[in-house]
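K.L.:
With the sequences and hints as input, model every part of the structure.
Oh and the sequence shown: position 3 is 3 in this note's numbering, straight run, nothing missing.
The hints are simulated quantities; they were obtained by calculation from the structure and are not laboratory data. Treat the numbers as computed from the prediction; the structure is a model and nothing was measured.
With a straight-line cut-off of 30 angstroms between C-alpha atoms, the simulated DSSO-like cross-links for lysine-lysine are:
id : residue 1 : residue 2
1  : K2        : K71
2  : K46       : K71
3  : K46       : K2
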Amino acid sequence: MKTESAVLTFLLSIHPVQVTVAEVARELVGEDASFLERDATDRAAKSLSGFGLIHLHRNLLSPTRAALRAKELFDL
Numbered sequence: 001m002k003t004e005s006a007v008l009t010f011l012l013s014i015h016p017v018q019v020t021v022a023e024v025a026r027e028l029v030g031e032d033a034s035f036l037e038r039d040a041t042d043r044a045a046k047s048l049s050g051f052g053l054i055h056l057h058r059n060l061l062s063p064t065r066a067a068l069r070a071k072e073l074f075d076l
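P.N.:
Right, here's the structure in full:
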């Protein structure tokens with residue numbers, strides 16, 4: 001859940017820019033990240049997409065309207 005939170009927070013902070021899963025992983029865990037760290041980012045993106053919090057389209061990530069509204073409501 002920590003990785004999901006980091007991915008969503010990052011995507012909300014750069015919206016409306018769309019980025020790839022690899023770009024998010026590099027930003028969150030660095031260039032020299034292990035496979036497990038990169039894989040955790042990928043799994044977090046898929047999980048957030050499944051919950052309807054991010055769009056995952058052709059490997060590009062962006063927050064959904066619901067996530068953007070929650071950010072406004074909770075001042076994230």
